[in-house]
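> Below, each chain spelled out in residue letters.
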Amino acid sequence: MALRAACAAVCRRWRQELGNLSVNGSKSSTAQTGGLLLTSVRWAPLSRLHIDVPKDLTKPTITTSDEPDTLYKRLSILVKAHDKAVLDSYEYFAVLAAKELGISINVHEPPRKIERFTLLKSVHIFKKHRVQYEMRTLYRCFELKHLTGCTANVYLEYIQRNLPEGVAMEVTKTQIQQLPEHIKKPMWEALTEEKEESKS
Amino acid sequence: MALSASVRRLGVGMLSCSRELPCAWRALHTSAVCAKNRAARVRVAKGDKPVSYEEAHAPHHIAHRKGWLSLHTGNLDGEDHAAERTLEDVFLRKFMLGTFPGCLADQIVLKRRANQVDICAVVLRQLPAHKFYFLVGYSETLLSHFYKCPVRLHLQTVPSKVVYKYI
Numbered sequence: 001m002a003l004r005a006a007c008a009a010v011c012r013r014w015r016q017e018l019g020n021l022s023v024n025g026s027k028s029s030t031a032q033t034g035g036l037l038l039t040s041v042r043w044a045p046l047s048r049l050h051i052d053v054p055k056d057l058t059k060p061t062i063t064t065s066d067e068p069d070t071l072y073k074r075l076s077i078l079v080k081a082h083d084k085a086v087l088d089s090y091e092y093f094a095v096l097a098a099k100e101l102g103i104s105i106n107v108h109e110p111p112r113k114i115e116r117f118t119l120l121k122s123v124h125i126f127k128k129h130r131v132q133y134e135m136r137t138l139y140r141c142f143e144l145k146h147l148t149g150c151t152a153n154v155y156l157e158y159i160q161r162n163l164p165e166g167v168a169m170e171v172t173k174t175q176i177q178q179l180p181e182h183i184k185k186p187m188w189e190a191l192t193e194e195k196e197e198s199k200s
Numbered sequence: 001m002a003l004s005a006s007v008r009r010l011g012v013g014m015l016s017c018s019r020e021l022p023c024a025w026r027a028l029h030t031s032a033v034c035a036k037n038r039a040a041r042v043r044v045a046k047g048d049k050p051v052s053y054e055e056a057h058a059p060h061h062i063a064h065r066k067g068w069l070s071l072h073t074g075n076l077d078g079e080d081h082a083a084e085r086t087l088e089d090v091f092l093r094k095f096m097l098g099t100f101p102g103c104l105a106d107q108i109v110l111k112r113r114a115n116q117v118d119i120c121a122v123v124l125r126q127l128p129a130h131k132f133y134f135l136v137g138y139s140e141t142l143l144s145h146f147y148k149c150p151v152r153l154h155l156q157t158v159p160s161k162v163v164y165k166y167i
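Sequence order for the protein chains is A and B. Using UniProt numbering, the first residue of the first sequence is number 1, and each one after it goes up by one. Using UniProt numbering, the first residue of the second sequence is number 1, and each one after it goes up by one.
Careful: at least some of the hints might be erroneous.
Claimed, not checked - Subject to a maximum C-alpha distance of 25 Å in a straight line, what follows is the list of computed BS3-like cross-link-like pairs (lysine-lysine):
hint	chain 1	residue 1	chain 2	residue 2
1	B	Lys161	A	Lys84
2	A	Lys121	B	Lys36
3	B	Lys131	B	Lys49
4	A	Lys121	B	Lys66
5	B	Lys46	B	Lys161
6	B	Lys66	B	Lys131
7	B	Lys94	B	Lys131
8	B	Lys111	A	Lys113
9	B	Lys94	B	Lys46
10	A	Lys113	A	Lys173
11	B	Lys111	A	Lys84
12	A	Lys73	A	Lys173
13	B	Lys66	B	Lys165
14	B	Lys94	B	Lys36
15	A	Lys173	A	Lys99
16	A	Lys199	A	Lys185
17	B	Lys165	B	Lys131
18	B	Lys36	B	Lys49
19	B	Lys161	B	Lys49
20	B	Lys46	B	Lys165
21	B	Lys66	B	Lys49
22	B	Lys36	A	Lys128
23	B	Lys36	A	Lys127
24	A	Lys113	B	Lys148
To be verified - Reference excerpt, derived from the structure (chain B facing chain A, CB under 8 Å, subset only):
hint	residue
25	Lys36
26	Ala63
27	Leu71
28	His72
Quick caveat, the hints were computed from the structure, so don't treat them as lab data. Note that the structure is predicted; figures quoted are calculated from it, not measured. For every residue, glycine included, the Cβ atom is placed at its ideal position computed from N, Cα and C.
Pulled out of the complex, with its shape left as it was, chain A reads as follows (with noise of 0.2 Å):
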């Protein structure tokens, strides 16, 4: 389905840009090349085609609601990776995004896991040989302070869809909450009404 829209869409560029080329009058380019028109035509790669589903123009993407929003103290973030280039890049582009969204964001790194084993070189016997491996694991942590819950799930989904391959990340929220009505008095209290209601 989605690649008869591909192959659509493919066809109507093609006619446009050969409209486009009958336009600008190379009647001569085609009359040399006879057959061969196709050629002059830019070819857009089919696997780079990659339809844009149109969005529903109808629902508003803004909306509104009467509930109050959720608030979170902190958000922390922390991302594995293999490679300390990828988390620094990473590490750049995440923050300029907070910046840009006014929000307050610390980053530290934690310090790596190495995970190494120790294996005979050999298939059988050679003991003394061993060939050792290892997995390197880099840390990157970024905390994010004082959010509310629409900020947090614009940033985050931003910074997720960006996150490049080989990257792992981790997401702790801390929400603050009303306190509940239940808790707001200390119960004791309440039991030392109940005993004076019931002795008058």
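With chain A fixed as given, assemble chain B onto it according to the hints.
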């Protein structure tokens, strides 16, 4: 191969006589040899063997002079499904080797982002362009249906294999 075949025959012979006399049947399990000191290394020749950058460097140069050929989160600390990713990688490399016969200039780079797989290959100009386009569409559709996730192929053509040095 001959050893395993002979072992199987022995086993069968043992089974046939085991009807009269009950006895244990022992077999030998053989697997391919994995020589770790020769892995991913091109052996030094007389100086006439052209070798690409990827082939010229041994595996202990990964993360120092080389990058990774397969990028996924399976091998990170606290992450799982590394074995499934490795199996998929092996299949994808074999598939690409077979679909583009004699056209691949270097090893394929596999990138996994969210649920999609990006296969990046450097290709020699052995086949005409329309055949390349067909093969790209065919492999993308087939692999997407096989793995139930979007699979994209990115090709870069090169006139001949890029030589780093002659070993």
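> Just to be careful: measuring from the Cβ of Leu71 of chain B to every Cβ in chain A, is the smallest value less than 8 Å?
Constraint on Leu71 of chain B satisfied, holds at 4 Å.
> Does Lys94 of chain B pair with Lys46 of chain B here, judged by a C-alpha cut-off of 25 Å?
violated (30 Å)
> Taking only the CA atoms, is the gap from Lys199 of chain A to Lys185 of chain A under or equal to 25 Å?
Measuring from Cα to Cα gives roughly 22 Å; hence the hint holds.
> Between Lys66 of chain B and Lys165 of chain B, is the straight-line Cα distance small enough, at 25 Å or below?
holds (15 Å)
> Can the restraint linking Lys66 of chain B and Lys131 of chain B be considered satisfied, given a maximum Cα separation of 25 Å?
Between Lys66 of chain B and Lys131 of chain B the Cα gap is close to 32 Å, so the pair fails against 25 Å, i.e. violated.
> Holds or violated: Lys161 of chain B and Lys84 of chain A, Cα atoms, limit 25 Å.
violated (30 Å)
> Can the restraint linking Lys36 of chain B and Lys128 of chain A be considered satisfied, given a maximum Cα separation of 25 Å?
Holds, at roughly 14 Å.
> Take a quick look at whether Lys121 of chain A and Lys66 of chain B sit within 25 Å of each other, Cα to Cα.
holds (23 Å)
> Does Lys165 of chain B lie within 25 Å of Lys46 of chain B when you go C-alpha to C-alpha?
holds (12 Å)
> Hint Lys36 of chain B vs chain A: min CB-CB distance below 8 Å?
This hint holds: Lys36 of chain B lies near chain A, its Cβ roughly 5 Å from the closest one there, short of 8 Å.
> Per the CB criterion, is His72 of chain B less than 8 Å away from chain A?
With Cβ-Cβ at 6 Å, under 8 Å, it holds.
> Check the hint pairing Lys36 of chain B with Lys49 of chain B against an upper bound of 25 Å on the C-alpha distance.
Given that 25 Å is the threshold and the Cα spacing comes to 23 Å, the pair holds.
Going through the hint list in order, the structure does not satisfy hints 1, 3, 6, 9, 17, 24.
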